[in-house]
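**Student:** Here is what each chain is made of, one letter per residue.
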Amino acid sequence: MTITKTPEPEVEPVQANEKPVARAFGPAQIAKAVPDAVGRLGPRHQLRNPVLFVVWIGSVLVTVFAIGQLITGSGQPGFSIAVALWLWFTVFFANVAEAVAEGRGKAQAESLRRTKKDTVAHKLAEDGSVTEISGTDLDIGDHVVVEAGQAIPGDGDVIEGIATVDESAITGESAPVIRESGGDRSSVTGGTTVLSDRIVVRITTKPGESFVDKMIGLVEGASRQKTPNEVALTILLSVLTIIFLLAVLALQPMAAYSGSQQSVVTLTALLVCLIPTTIGALLSAIGIAGMDRLVRRNVLAMSGRAVEAAGDVDTLLLDKTGTITFGNRQATELIAFGDEQALAEAARLSSLADETPEGRSIVDLCVQRYGLAAEAGEAEQDGEFVPFTARTRMSGIDLGARQVRKGATAAVCAWVTEHGGTVPDMTQACVDTISAQGGTPLLCAELVHGRAVVRGVIRLSDVVKPGMRERFAELRAMGIRTVMITGDNPLTAKAIAEEAGVDDFLAEATPEDKLALISQEQEGGRLVAMTGDGTNDAPALAKADVGVAMNTGTAAAKEAGNMVDLDSDPTKLIEIVRIGKQLLITRGALTTFSVANDLAKYFAILPAMFAGIYPQLGKLNIMHLASPTSAILSAVVFNALIIIGLIPLALRGVSYRAVSATKLLRRNLLVYGLGGVITPFVCIWLIDLVIGRLIGA
Amino acid sequence: MRWFTSVLRQTGAGLRLLIVLTVILGICYPLAVYGVSRIPGLQSNAEGSQVKLDGQVVGSRLIGIDPVAKNPAADPYFHNRASASAKGALGPADPSTSGGSNLSGDSTELRGLLLERKEAIAGREGVTPDRVPADAVTASGSGLDPDIGPAYAELQAPRVARVNHLDPDAVRRLIAEHTAGRQLGMLGAPTVNVLQLNLAIKKLGGSHGR
Amino acid sequence: MSDLWAGLSQIGVLLLCLAAAYKPLGDYLARVFTSERHWKLESGIYRVIRVDPDSGQRWTTYAAGVLGFSFVSIVLLYLLQRLQAILPLNFGRGAVDPATAFNTAVSFVTNTNWQSYTPEEAMGHVVQMVGLTVQNFVSAGMGICVAIALVRGFVRANTGRIGNVWVDLTRICVRVLLPISFVFAILLVAGGVVMSLSSGFTSTGIDGMQHTTALAPAASQEVIKELGTNGGGIFNGNSAHPFENPQGWTNLIEIFLILVIPVSLTRTFGVLVGSRKQGYTLLSVMGALWGLMLAVIWWAESHPNGPAALLAGGAMEGKESRFGIAGSALFAGSTTGTSTGAVNAAHDSLTGLGGGGALLNMLFAELTPGGVGTGLYSILVIAIIAVFLAGLMVGRTPEYLGKKLGRREVTCSAIAILAMPALVLLGSGIALLLPGIRATMTNSGAHGLSEVLYAYGSASNNNGSAFAGLTVTNDWFEATLGVAMLFGRFVPILAVLRLAGALAAQRKTPPSAGTLPTQGPMFASLVGGTVVLVAALTFVPALALGPIAEALA
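Chains as they are written, first to last, in our numbering: chain A, 1 to 697; chain B, 1 to 210; chain C, 1 to 553.
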């Protein structure tokens with residue numbers, strides 16, 4: 001589609017995780033879209049849409065006839081002009097829909113463009129010398145130095161150093177993020193600004209093909225191509241249009257034979273009412289709005305095809321850590337071998353100075369369950385912290401004679417024995433049980449009066465994020481199978497899988513296993529979606545039908561996936577699936593509605609055309625429309641107004657609930673099928689009340 | 001080009017198969033059915049269910065051809081339904097061909113024909129036109145309907161009895177004997193076979209052929 | 001028993017017979033198309049025609065076979081008619097004129113069996129047996145082949161091969177059509193259907209008048225005429241002629257034969273795709289629409305509204321007394337619902353609503369339950385369109401029986417559906433522009449328009465029944481109706497075979513909770529609704545000026 005620049009684009013700050021605006025469509029948006037919509041009234045733009053092209057031709061035809069009637073003073077010029085006007089409105093409203101949908105993307109593109117100001121790059125030569133060149137002269141593989149306060153000149157990977165980076169220009173998130181060499185947080189994006197420190201970046205994209213360039217193209221819709229499903233639907237709509245064109249063409253000789261030749265105006269009105277103008281007008285707006293909904297959730301789909309594929313996903317591969325569970329293990333239970341309170345105190349004490357997440361979770365547990373103090377008391381502050389080392393494999397605290405230790409079973413057992421204590425028999429069984437259940441046991445022991453005592457076991461477990469179970473149940477209802485990917489052993493994996501309610505899991509997963517799983521699913525005819533961030537995820541991301549790369553991830557990952565999540569939130573995949581489904585549902589619902597409308601239009605127009613020669617056909621005028629002219633005009637007016645009426649729905653998308661296909665279909669058939677049959681009867685009747693009075697007056 | 005040669009090759013195979021199937025389905029099969037239909041019991045059916053009187057074929061049980069009275073004022077026959085292939089509004093059908101009138105329910109031509117037939121039949125039977133049943137005045141789809149409904153037979157009974165000098169009750173009994181109910185109690189409609197009824201009347205000593 | 005109850009019991013018996021045949025015939029058909037073994041006779045045929053029966057064909061080759069076979073069929077049938085003068089058993093019926101010969105050849109090869117000639121006067125017994133009877137078999141067989149090829153498209157995965165057209169055609173003729181035809185032909189002779197090689201017999205009636213009654217080898221052709229949903233009568237009166245359809249029970253048998261294969265094919269479909277419910281679902285759509293149209297026709301014929309019918313006191317014009325209203329309506333509903341086109345009553349003389357019902361039944365695109373094979377593939381392409389829309393409404397790229405419906409699948413289905421309405425609308429529209437059109441009609445006004453609409457509806461749907469009051473012997477009608485039959489037959493066939501190829505090449509997607517279930521009442525009503533909506537939206541304007549205007553008068 002041609003993009004004409006709006007003179008004064010609305011600039012709205014891009015908000016992270018912005019909720020869909022309730023009023024997606026109001027007078028302000030229309031006002032902004034009007035110049036654009038008028039600019040598209042020419043034939044070239046309409047050629048892209050077969051349905052609207054027919055309307056356009058009809059509009060021209062009727063206009064010519066109306067003018068002819070005005071000049072010669074024959075026929076009913078008033079009626080013809082009214083029909084012509086409303087046909088033009090039909091085309092115009094379709095343009096408005098598209099322009100409004102595009103308008104939002106354009107606004108965002110404009111704000112992105114501003115990040116693309118010419119940057120100066122400090123190119124690092126092999127000998128360590130730095131030369132200043134223009135950002136546009138960079139080549140793939142060049143190394144550049146970026147220091148605090150400078151803008152990163154191009155997309156690339158950090159190969160040296162660590163820095164905080166302000167990425168708000170792209171993500172809308174104002175909090176700075178850390179980018180460092182190596183690992184999965186090495187990717188930087190051109191146009192973002194380094195806030196502190198100094199990094200060396202290896203450029204990975206050519207200028208002009210950078211991430212921001214792609215983003216601008218995407219949100220603006222310039223690179224929008226019809227998706228496969230949209231193409232299929234367009235074909236169906238074209239065929240419907242052809243059928244109705246033939247039906248109307250064939251009607252004239254039949255009418256002539258019956259002794260009631262029809263005017264071109266009436267026939268054109270009938271044709272435009274019958275062909276699926278509603279969906280034809282809204283089809284591209286629906287597609288653009290679907291992409292836009294993703295953008296609003298800070299997800300960039302590299303193609304509309306990927307969005308559609310998201311709706312089709314059968315299998316969802318989710319990483320355990322960070323997606324299903326919180327990133328770290330947490331203490332969930334204390335199993336005392338004697339006095340439970342004593343265990344709690346020992347556990348708390350041993351972890352007070354432990355700044356690891358595990359340590360903090362132990363303190364939290366003791367505070368919540370055993371009413372102990374969160375902060376170290378005065379006496380306790382003197383204690384000497386014994387940090388965890390790979391050699392000792394325990395940590396703890398020495399408070400004078402009182403020593404508390406927690407750590408790996410074997411290490412603590414050795415410590416207890418060394419200090420004259422005995423390890424209770426139940427220890428091993430208890431530890432094994434916890435392991436079997438997917439937890440990590442920490443043995444907690446204390447040296448009291450010179451003798452070591454095992455107080456009990458702290459259970460560390462993966463904690464499944466709240467609400468995951470419900471989400472997976474929802475996915476299951478949508479027909480999507482979730483597979484948890486984890487590096488844990490099968491036993492642990494199984495326990496967490498059961499707790500989270502996923503359908504399946506892949507334990508001890510290597511990147512190769514992941515790739516193999518995807519291939520296997522796809523060979524079974526299933527569509528696979530996954531998220532990933534690391535370079536070793538890249539092959540799997542590329543292989544998956546929907547690969548969502550985290551923005552924090554490596555350039556390779558972002559290149560391989562077909563979507564990028566700027567918030568780097570792996571659970572967003574679920575959201576993406578919903579949006580994909582919503583997009584398809586909106587298309588289907590509006591098509592059904594559009595076609596179902598025709599029934600009422602027949603009841604309005606056919607009696608109007610033919611009750612003159614066959615009075616018995618007047619019985620079909622069940623809406624009791626005032627006169628033939630008002631009946632035809634009412635149908636045409638309804639046909640145009642319904643487009644405007646449905647723009648909000650097209651932009652917002654049909655409401656979607658995760659229920660089984662059967663229920664979903666029943667509901668949508670009822671609302672859009674039956675509703676599509678009934679609505680026009682009511683509306684045309686109402687419009688006729690107005691028009692009939694106007695004409696009669 | 002490759003598709004074209006493929007079409008040619010397939011067409012060749014098609015031609016050969018068509019010839020083979022023509023032999024099987026167009027020659028062997030009909031002749032086999034023909035052969036079986038020569039079995040006594042089937043043969044008379046296969047040759048048209050001809051009805052003979054004194055060794056001479058008088059018609060077919062299945063074909064209705066309206067008999068023509070030599071003297072219309074003294075018409076001794078039960079009459080068939082009207083036929084589209086008859087020369088007049090009423091009259092004998094032409095059994096060498098078949099077909100209906102194809103006139104529609106809103107046809108003025110049909111309306112005129114019906115009026116004419118109604119008048120003629122009412123006059124023949126000496127009743128008012130409104131007593132003439134629908135099947136009497138309408139032409140059948142084949143034009144060769146061998147049957148009439150019991151009501152039409154009933155309507156003709158007094159005249160047939162009178163002209164043939166028969167007891168009206170005897171004629172009614174014959175009608176009843178020749179009335180076939182619905183097959184299996186449900187198939188089709190009750191009918192009276194006109195040719196066989198006329199033959200029965202003749203056998204009873206009617207004035208047929210005089 | 002009242003007319004109503006007698007009629008209902010008759011329908012009940014018919015349904016019972018169909019139900020009894022459903023499983024065995026459906027399963028048998030499934031075995032016919034999946035069996036690895038060749039019968040001896042078949043192996044012999046394959047040797048003679050030099051084809052390898054065990055090699056699968058791509059859709060292009062399959063289509064080439066269908067087209068090539070049909071082409072040589074048309075040529076041979078045309079030649080046979082043109083050479084009638086030198087054939088035996090012609091009884092002085094000479095060469096058929098070129099336009100009629102073309103029209104007839106196309107008509108019988110396309111399974112339409114529209115007749116623009118009077119058989120008793122135009123066709124000798126050799127043309128009937130060697131030409132027309134053979135096409136009654138093979139055109140029906142081709143329809144089933146195409147349907148089965150489409151089903152294979154759904155069943156198979158990751159392959160381009162959709163079967164071997166020569167094996168399919170040979171098997172359907174040898175294993176199915178021939179045996180059933182033979183048995184029922186004998187049964188029909190027992191019921192009074194003629195099977196004679198003479199041209200007729202002369203009788204001297206009781207009134208002394210001489211008449212010659214036409215005879216023909218009817219029984220052998222009558223059976224396959226119904227069984228193959230062909231419909232071309234060996235007599236002009238078709239199944240109204242007492243020699244083709246002598247009594248009530250033969251009428252029921254003929255209706256049974258018309259319906260039995262189209263109905264049972266849904267079972268075959270269910271068995272082949274591995275879910276009988278899929279078959280029941282399609283059958284329920286076919287059955288419901290058949291029942292609906294039957295009810296409309298029956299009611300209309302029992303409550304006539306035309307001035308002539310009111311004057312007569314009943315809609316008996318064009319009907320046989322031995323069948324009655326119910327027996328005629330049942331036949332009319334079944335013959336128009338199956339692309340058969342045989343008639344046991346003159347459809348032109350049906351009431352406005354009854355005739356309109358028969359017409360609409362054809363315009364449903366022949367799937368109530370449709371012709372042999374054609375009914376199945378017609379409803380499958382409609383189902384694909386329904387699944388496409390409904391599938392969107394559940395938020396997935398639509399899939400049917402594990403196959404995704406993308407651009408190609410929708411395009412093929414849409415073309416298959418588009419062909420018929422385009423031909424009907426264009427054909428009748430142009431015909432009504434002809435200067436002499438009114439002279440060709442037997443009836444005038446709205447009914448005259450119905451005659452033209454019915455002609456193109458019948459030809460484009462390969463039905464073959466007619467509002468026979470329309471004189472179609474002029475070259476314009478012979479040619480355009482011929483073209484309508486050709487395109488109405490082969491455009492959908494090509495689209496369907498292309499579709500079969502595209503489907504077979506796809507991998508199979510297993511169903512999940514998010515997949516639209518394509519079985520059960522809701523899907524059935526969806527498909528039924530699509531059928532009705534498509535037909536209604538396309539044809540309501542035309543119907544309003546024909547049957548609707550007549551019915552509402």
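Read the hints as simulated data drawn from the structure, not as lab findings. Please read these numbers as outputs of a predicted model, since none were measured by experiment. Where is the CB? At the ideal position from N, CA and C, for every residue including glycine. Check the hints yourself; a few may be wrong.
Some chain C residues near chain B, calculated using beta-carbon distances under 7 Å [to be verified]: (1) Leu215; (2) Tyr280; (3) Ser302; (4) Pro304; (5) Gly314; (6) Gly324; (7) Gly469; (8) Asp475.
Calculated cross-link-like contacts (lysine-lysine; reagent style BS3-like; alpha-carbon spacing at most 30 Å) [what the hints assert, rightly or not]: (9) A:Lys663 - C:Lys508; (10) A:Lys663 - C:Lys277; (11) B:Lys202 - B:Lys87; (12) A:Lys226 - C:Lys277; (13) C:Lys277 - A:Lys543.
**Student:** Holds or violated: B:Lys202 and B:Lys87, Cα atoms, limit 30 Å.
**Tutor:** holds (26 Å)
**Student:** Compare the distance between the alpha carbons of A:Lys226 and C:Lys277 with 30 Å, and conclude whether the hinted pair is satisfied.
**Tutor:** With Cα atoms ~36 Å apart, A:Lys226 and C:Lys277 exceed 30 Å; violated.
**Student:** So, C:Leu215 near chain B? Judge it on the closest CB pair being under 7 Å.
**Tutor:** holds (5 Å)
**Student:** For the pair supplied as a hint, A:Lys663 and C:Lys277, is the alpha-carbon distance within the 30 Å limit?
**Tutor:** Measuring from Cα to Cα gives roughly 19 Å; hence the hint holds.
**Student:** Given a cut of 7 Å on the nearest C-beta pair, is the interface hint for C:Asp475 held or broken against chain B?
**Tutor:** violated (21 Å)
**Student:** Quick one, are C:Lys277 and A:Lys543 close enough, alpha carbons at most 30 Å?
**Tutor:** violated (36 Å)
**Student:** For the hint on C:Tyr280, does the least C-beta distance to chain B fall short of 7 Å?
**Tutor:** violated (27 Å)
**Student:** Going by Cβ atoms only, is C:Ser302 closer than 7 Å to chain B?
**Tutor:** Violated: closest Cβ of chain B sits about 12 Å from C:Ser302, beyond 7 Å.
**Student:** Go through the hint on C:Gly469 and say holds or violated, using the shortest Cβ distance to chain B against 7 Å.
**Tutor:** holds (3 Å)
**Student:** Given the proposed pairing of A:Lys663 with C:Lys508, does the C-alpha separation stay at or below 30 Å?
**Tutor:** Status holds; Cα separation ~24 Å.
**Student:** Could you check if C:Gly324 really has its C-beta closer than 7 Å to a C-beta on chain B?
**Tutor:** holds (3 Å)
**Student:** Verify the interface restraint on C:Pro304: the C-beta must sit less than 7 Å from at least one C-beta of chain B.
**Tutor:** Status holds, d = 6 Å.
The structure does not agree with the numbered hints 2, 3, 8, 12 and 13 stated previously, though it agrees with the rest.
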